[in-house]
Amino acid sequence: MMNKLSQHDGPVLEIDKLSISFFTRLREIPAVMDFSVSVQPGEAVGLVGESGCGKSTVALGVMQDLGKNGRIVGGSIKFKGRDLAQMSPEELRDIRGNEIAMIYQEPMASLNPAMKIGRQLMEVPMIHEGVSEKVAYERALEVVTDVRLPDPERMLNSYPHQLSGGQQQRIVIAMALMSKPALLILDEPTTALDVTVEAAVVELVRDLGKKYGTSMLFISHNLGLILETCDRLCVMYSGEAVERGSIADVFDEMQHPYTQALFRSIPLPGADKNAHPLVAIPGNFPLPHERPKGCNFGPRCDYFEAGRCDQGQIDMADVAGNDRHATRCLRNSEIDWAAPIVAGAQKEKTEPGEVVLKIDNLKKYYEVAANALFGGGTKKVVKANETLSFEARESETLAIVGESGCGKSTFAKVLMGLETATEGEILLDGQNIEQTAIEARDTRTISDVQMVFQNPFDTLNPSMTVGRQIIRALEIFDIGDSDQDRKQRMLELLDLVKLPRAFADRMPRQLSGGQKQRVGIARAFSGGARIVVADEPVSALDVSVQAAVTDLLMEIQRSEKTTLLFISHDLSIVRYLSDRVMVMYLGHVVELGDTDQVFSPPYHPYTEALLSAVPIADTSVEKEHIVLEGDIPSAMDPPSGCPFQTRCRWKSEVPGGLCDREVPPTRSLEAGHQIKCHLSDEILERMQPVIKIAAE
Amino acid sequence: MGLFILRRVGIMILTALCLTFVVFFMTNLYPNLEKLAKTQGNFRMSDEAVASWLEKGGYLQSTPKKYLEWVGLAPSYQHQAEDGTITGRCITPGMDPKDAPRFCGILQGYWGYSSVFKDEVSSIVATRLSLTGILMFWVMLVMVPSALILGVLAGMKEGSATDRTLSTVAITTTATPEYVSGVLFIAIFSSSAVGLKWFKGTATSAMDSPNLENFLLPVLTIALYGMGYIARMTRASMTEVMTAQYIRTARLKGVSFPKIVLKHALRNALIAPFTVIMLQFPWLLNGVVIVETLFNYKGFGWTLVQAAGNNDIELLLGVSVVSVLVVLITQLISDIGYVYLNPRIRIT
Amino acid sequence: MDPLSWTGNIAFLDPLLFFALGLLALSVLVWIVLSAVLPENRAINVTGGSASLSSGPLVLAALAVKAAFLATSALVAVYLLLGIVMGTGAGIIGAMAQRLLPVWIALVLLFTLSILFKRKLGLYGKLFDSPIGMIGFALVMFWVFTGFFGAVDMIITHDPLAQLSGLKNKVPGTPLRSPEDGDFLWYLLGGDNLARDVFSRMVKGAWEVVKIAPLATVFAFMVGITLGLPAGYFGGKLDTFLSFLANLILAFPVILLFYLLVTPEIVQTGLPQFMAVVLFAFPLIFFYVLINARYRTQPQKNYLWLAVVLLPMLALYLMVVSAPGSKVDILPTALDRIDIPGGILVVFVSVVFVNSPTVFRIVRGLTMDIKTRDYVAAAQTRGERPWYIMLWEVLPNARGPLIVDFCLRIGYTTILLGTLGFFGLGLPPESPDWGSTINEGRKLLAIYLHPALPPAFALLSMVLGLNLLADGLREESLKD
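Protein chains in written order, with the numbering used here: chain A, 5 to 700; chain B, 958 to 1305; chain C, 84 to 563.
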């Protein structure tokens, strides 16, 4: 049967001047152009860039799986010295899964729903090594143990849907490692997972890579993740590699304006919305058939020089003095890369005003049928929100942080009036609204509390023009006396969110994600909203666009004195823009306080783990390494006692098994800093900061 | 699972009651009864004579009561004539009224008496249904495997030559109702005008001894229409599965194409068509009626036409009960089968 | 007069056509065999220079299929053109081509205009990017135009009900025995068993379908949408109840339902009229809610629109529903300007009744999917009323699948109408509709083919056209 390719001394993977195009009926669309990278044995190379930059196409090119319309139109891909493009289908089949394996973004979708996991795993060695079922089963058991899944035998005997997302991704990783491949390609392997689960999976990948000696090609949009997993990286922009080098070189001595701009637009520790605002990259990502002549990044570049950067093909050039560090910039030797950021206008910190929103002991329980399909049977009570209490002031940004199932979306629904509370109070300007459903609220109340949604592709009605959607909101909020009036007001709102007035007549599909999100913001503010709930408003956007949309939101908040409830799982952005932070876990508020209080010790154990889990794209940051065991429990079936006790690393510090038995009371530590934990004061005092910025 | 089936059966019984009530109501509307009286009595009956005839048969009671009697949940109507003789549904001629059972409806096995065929409804339905059963058996045998193979072949490589050709065939057969394809088949294969005369244009002789010559055309006619539909469903489901991420996973694991289709795609792709095949039954019944009329095959569908066309109320009711039950039972099987085929639902 | 042959003086083209058809069949065969035998193209082409997708024998075979198809189409076009010019000189084909001249003109006009402006016409315009869709649309519009012109007594050669002596069961192209002045001199497609002209009856039959099928489908959609939206949006008890009703109708064998509904005795009881009262009210409800939801905040505009749209509809509704002397007689005779024959009404009502549950299920499913979108949540959080959300936020975004289903459903309705005709239900016995003519023709099928085959092919091609059209639309709407 198939043996591995003979040993090869050079790089495992060597991509040289690769170009890939897709052909449609109308035109050829170049997806990747002049792309080169090599992966040495045992090395992990990161491929980073925004959506549409061609990074996934490179991966599929390596797998020779470009579909009906894709073609490699130039260059070569050599695996262990052999050109993959010249191989016969049989040779390719022997390599796939055996020598090169791939892991994708959506674990659920990559597993066959009608096939037991064991079968899917055993298939790999059975095809490639022709081993018997028994041997294959042994191997599967071994690998499943390696990916640290509990009860491997039961795992092998289950169907994919019986596992949680994190477990599924571990199975996918196990499947990729079944044949001990020489090269592992990971395409955004953790994007669909929660932060704490992501951290565990990343650690697993890193350890297993070492154990099996596998080379890795790690594709991600997240620079922080690349920093944690890779030895070298390659930054891509609009189909081209723009910078390539070791982690240290690229992170600390970047030599391409795009890389620099990318780093400046992500909120790193130390960024602050008032003192050090983020610098967004101006303009939009060019569509493949609208790429400019010369440097693709030219039109958005601060260092652009007309007549030089827009003249023609620009090649990768080595950076003197560094090891294998190359950049695609004509001016890299002229630019002073160390020059400090020309800081955006610094702003006064706004002082919070009166309390506008007061939540007191809010509870929201749902009754759910235990078995969705067959109905009937026992009903279960899901405690989506458990005793929420906090206040929010005018002009204040309160961040609500938590992973999936923590109850943040339920809270938003109750506040908006889409659901009514089970118990407790919501006071808006001193008036109770917790039992008033949206139909019963008056126009004023409705327009006061508005919402910005997460998914830009879903937030606008696809079959109505942008202008019409804003005007409809104005009609509903009773603003303007005539159609003329409202039209004028709609145009002003477009000005407010910095969109050209011509967009009023566009359909949503003609807008980019960031632009749609701006329209969503304009719509939320159309009735003069005083409280805006922003549900992960930028998490689905590309990094460079995130900064611009975040800044816009901050700016409008500043001028309108809005209270912003910012729901997010991303602690970096929360630290950057919020005044106060509320951390939620399984329906409970586990910690509440000023941003500084929450981000420095003493922490709630969950906050501590969360802080450690978030990847930070800064080589000078040292993090304490905390990996949570297992997955987030289901809200249908929460643990007894403290909701976090199943994963808490401090649990042993609490005597008498208190954590198993009782939900901890809310304790005040200092002014406005609350925490829901059984840990004694001394232990809390002993806690060390998770993130340390190394002294320069 | 048991609870699930129980609930489905409950809903099924409720549906069956509602549907048979509707049929009962519509067949028992006064103009229909009047026509019945005139065909049973004589055509020049006066209005009073009609009324008294109906009165005697118990037809003038309220519909719900009549319905309950017919089902067998209420005691049957008895008419006492002026001379003291008692007649009623349950009383067969020559029987002493005292010995007659009180309840005689569907539940007791009393399906009524056909006014056209002059025979017990239950025995007519049984013989006719078995004839149609033979027809359906062959239809299924031809239709299901060929449709599935057609659909899978077309769907496994979307846009390929095989796909385009097979899809064109499938779309054409769905556009050809039985009364068109049947006419075409008879014209081509059995008429003296074309002169091939390979097969027979009627299937009357197939009732005794079905063979290729007299049975192929009717079977093919019904199968063809349903085949196109199932094949298209299978194709759609197959193309969807073939673009799924897990098929790419399998491909990049190094699984060969035939194995991908057989081991990874097929089971997932067949879940949707299975439901479709089962839900085809109400429509197949249509085809059966048309084809049996067209080919003069005196099965269940032919009986339906005779009963409806001749205002044979009891027979029509019996036919309705059976067809409604057939449809509902296939729906039940479809529900249960879907749950079994789909592990995502089965194990929660 | 001499009998007409099929192709008359242009018979010299026949061998060419057969050759082209043979070539087409052969090339398709080669294409399939090649695609099965050749290994799958791995999408790699590293030849440098001009990179494109065209290479290999498979692409050549596909080209051959295309060429053969074009050649066949061109030949057919030549037949038609020569036919239009030469008329009966080009035999039966020529004569028919000439009679159908208005249809050709209308089709050419429609296609030229549509292709010229296709970029401005939305989904309809995109249809002209899909060859399948275009073929389907051409077939459908051919019959629509034929039906339309036939209804105003163009195209047809004889009165579809006239029985001419000596033409009983005569083969296509038979001349009239004793033509009067102005008579068309032949029965182009022969005579049926009552000596009526098969060609004219087929043309008139097209109108029977064109006037009932689309309208009945529209009504079925109104009912399905008006009930499916709230069932999907609110869920709960309402959904359970409506779904139960829909399943009830769906479990009813269609043919039995027809036999129960479409009999003179049932018409006598007024049941179809009561059903019409209910079913025809749905468009009124639909448009009332549609307008009211949209202009709720602006009362003046609201009343204006309601008056403009609803009053004419209400008048129409009352006139259609009410029939003097029947069970539903609400309008004074002087005002009742529209009278639909009982037979047609009952056919119409039952077709709507049978189709609406399926539409209901589709709409309900789509609504349940779309209501989870953020823009629906956005509408809810700004305090929109449920009906606005259903009709203005959900419905427009469900239009793609609904339009596709609409086309398929017209085809299905056409088949149903044929079934009704086939069993002689509802439609008057003299009616030239395709189902009835097929039924009459089939009785003598063993000897005479010509009376049954033209309506059979007509029905087949129209339904095929609708299916192809739906396929083209589906393909194009997915590309968005």
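If you are wondering where the hints come from, they were derived from the structure by calculation, not from laboratory data.
As the structure is a prediction and not an experimental result, all values here were calculated from the model.
Be careful, since some hints might not be right.
[Stated by the list, open to error] Here are the computed distance ranges between Cβ atoms for each label pair:
1. A:Pro-154 to B:Tyr-1297: 25 to 33 Å
2. C:Lys-203 to A:Ile-339: 42 to 50 Å
3. C:Val-142 to B:Ile-1145: 45 to 53 Å
4. A:Gln-90 to B:Gly-1116: 24 to 32 Å
5. B:Met-1002 to C:Val-361: 31 to 39 Å
6. B:Val-1151 to C:Leu-328: 46 to 54 Å
7. B:Ile-1145 to C:Met-402: 47 to 55 Å
[Said to hold, decoys possible] Within a straight-line C-alpha distance of at most 25 Å, the following computed DMTMM-like cross-link-like pairs (lysine to aspartate or glutamate) qualify:
8. A:Lys-72 to C:Asp-212
9. A:Lys-21 to A:Glu-95
10. C:Lys-384 to A:Asp-446
11. C:Lys-562 to A:Glu-110
12. A:Lys-362 to A:Asp-600
13. A:Lys-502 to C:Asp-452
14. B:Lys-1114 to A:Glu-371
15. B:Lys-1013 to B:Glu-991
16. A:Lys-362 to A:Glu-443
17. C:Lys-454 to A:Glu-674
18. A:Lys-655 to A:Glu-674
19. A:Lys-72 to A:Asp-38
20. B:Lys-1216 to A:Asp-69
21. B:Lys-1023 to C:Glu-348
22. B:Lys-1220 to A:Asp-69
23. A:Lys-696 to A:Glu-633
24. C:Lys-384 to A:Asp-485
25. B:Lys-1075 to B:Glu-991
26. C:Lys-454 to A:Glu-294
27. C:Lys-320 to C:Asp-212
28. A:Lys-627 to A:Glu-689
29. C:Lys-562 to A:Glu-564
30. B:Lys-1216 to A:Glu-110
31. A:Lys-383 to A:Asp-641
32. A:Lys-384 to C:Asp-322
33. A:Lys-353 to A:Asp-485
34. C:Lys-149 to B:Glu-991
35. A:Lys-120 to B:Glu-1197
36. C:Lys-320 to A:Asp-485
37. A:Lys-383 to C:Asp-322
38. B:Lys-1216 to A:Glu-103
For each residue, glycine too, the CB sits at the ideal point set by N, CA and C.
Hints, one by one, checked against the model:
{"no.": "1", "hint": "A:Pro-154 to B:Tyr-1297: 25 to 33 Å", "in the structure": "holds (29 Å)"}
{"no.": "2", "hint": "C:Lys-203 to A:Ile-339: 42 to 50 Å", "in the structure": "holds (48 Å)"}
{"no.": "3", "hint": "C:Val-142 to B:Ile-1145: 45 to 53 Å", "in the structure": "violated (36 Å)"}
{"no.": "4", "hint": "A:Gln-90 to B:Gly-1116: 24 to 32 Å", "in the structure": "holds (26 Å)"}
{"no.": "5", "hint": "B:Met-1002 to C:Val-361: 31 to 39 Å", "in the structure": "holds (35 Å)"}
{"no.": "6", "hint": "B:Val-1151 to C:Leu-328: 46 to 54 Å", "in the structure": "holds (48 Å)"}
{"no.": "7", "hint": "B:Ile-1145 to C:Met-402: 47 to 55 Å", "in the structure": "holds (48 Å)"}
{"no.": "8", "hint": "A:Lys-72 to C:Asp-212", "in the structure": "holds (20 Å)"}
{"no.": "9", "hint": "A:Lys-21 to A:Glu-95", "in the structure": "holds (23 Å)"}
{"no.": "10", "hint": "C:Lys-384 to A:Asp-446", "in the structure": "holds (22 Å)"}
{"no.": "11", "hint": "C:Lys-562 to A:Glu-110", "in the structure": "holds (23 Å)"}
{"no.": "12", "hint": "A:Lys-362 to A:Asp-600", "in the structure": "holds (22 Å)"}
{"no.": "13", "hint": "A:Lys-502 to C:Asp-452", "in the structure": "violated (33 Å)"}
{"no.": "14", "hint": "B:Lys-1114 to A:Glu-371", "in the structure": "violated (46 Å)"}
{"no.": "15", "hint": "B:Lys-1013 to B:Glu-991", "in the structure": "holds (13 Å)"}
{"no.": "16", "hint": "A:Lys-362 to A:Glu-443", "in the structure": "holds (22 Å)"}
{"no.": "17", "hint": "C:Lys-454 to A:Glu-674", "in the structure": "violated (45 Å)"}
{"no.": "18", "hint": "A:Lys-655 to A:Glu-674", "in the structure": "holds (23 Å)"}
{"no.": "19", "hint": "A:Lys-72 to A:Asp-38", "in the structure": "holds (22 Å)"}
{"no.": "20", "hint": "B:Lys-1216 to A:Asp-69", "in the structure": "holds (17 Å)"}
{"no.": "21", "hint": "B:Lys-1023 to C:Glu-348", "in the structure": "holds (20 Å)"}
{"no.": "22", "hint": "B:Lys-1220 to A:Asp-69", "in the structure": "holds (20 Å)"}
{"no.": "23", "hint": "A:Lys-696 to A:Glu-633", "in the structure": "holds (24 Å)"}
{"no.": "24", "hint": "C:Lys-384 to A:Asp-485", "in the structure": "holds (13 Å)"}
{"no.": "25", "hint": "B:Lys-1075 to B:Glu-991", "in the structure": "holds (20 Å)"}
{"no.": "26", "hint": "C:Lys-454 to A:Glu-294", "in the structure": "violated (36 Å)"}
{"no.": "27", "hint": "C:Lys-320 to C:Asp-212", "in the structure": "violated (45 Å)"}
{"no.": "28", "hint": "A:Lys-627 to A:Glu-689", "in the structure": "holds (19 Å)"}
{"no.": "29", "hint": "C:Lys-562 to A:Glu-564", "in the structure": "violated (42 Å)"}
{"no.": "30", "hint": "B:Lys-1216 to A:Glu-110", "in the structure": "holds (23 Å)"}
{"no.": "31", "hint": "A:Lys-383 to A:Asp-641", "in the structure": "holds (12 Å)"}
{"no.": "32", "hint": "A:Lys-384 to C:Asp-322", "in the structure": "holds (23 Å)"}
{"no.": "33", "hint": "A:Lys-353 to A:Asp-485", "in the structure": "violated (37 Å)"}
{"no.": "34", "hint": "C:Lys-149 to B:Glu-991", "in the structure": "violated (64 Å)"}
{"no.": "35", "hint": "A:Lys-120 to B:Glu-1197", "in the structure": "holds (21 Å)"}
{"no.": "36", "hint": "C:Lys-320 to A:Asp-485", "in the structure": "violated (41 Å)"}
{"no.": "37", "hint": "A:Lys-383 to C:Asp-322", "in the structure": "holds (21 Å)"}
{"no.": "38", "hint": "B:Lys-1216 to A:Glu-103", "in the structure": "holds (20 Å)"}
Going through the hint list in order, the structure does not satisfy hints 3, 13, 14, 17, 26, 27, 29, 33, 34, 36.
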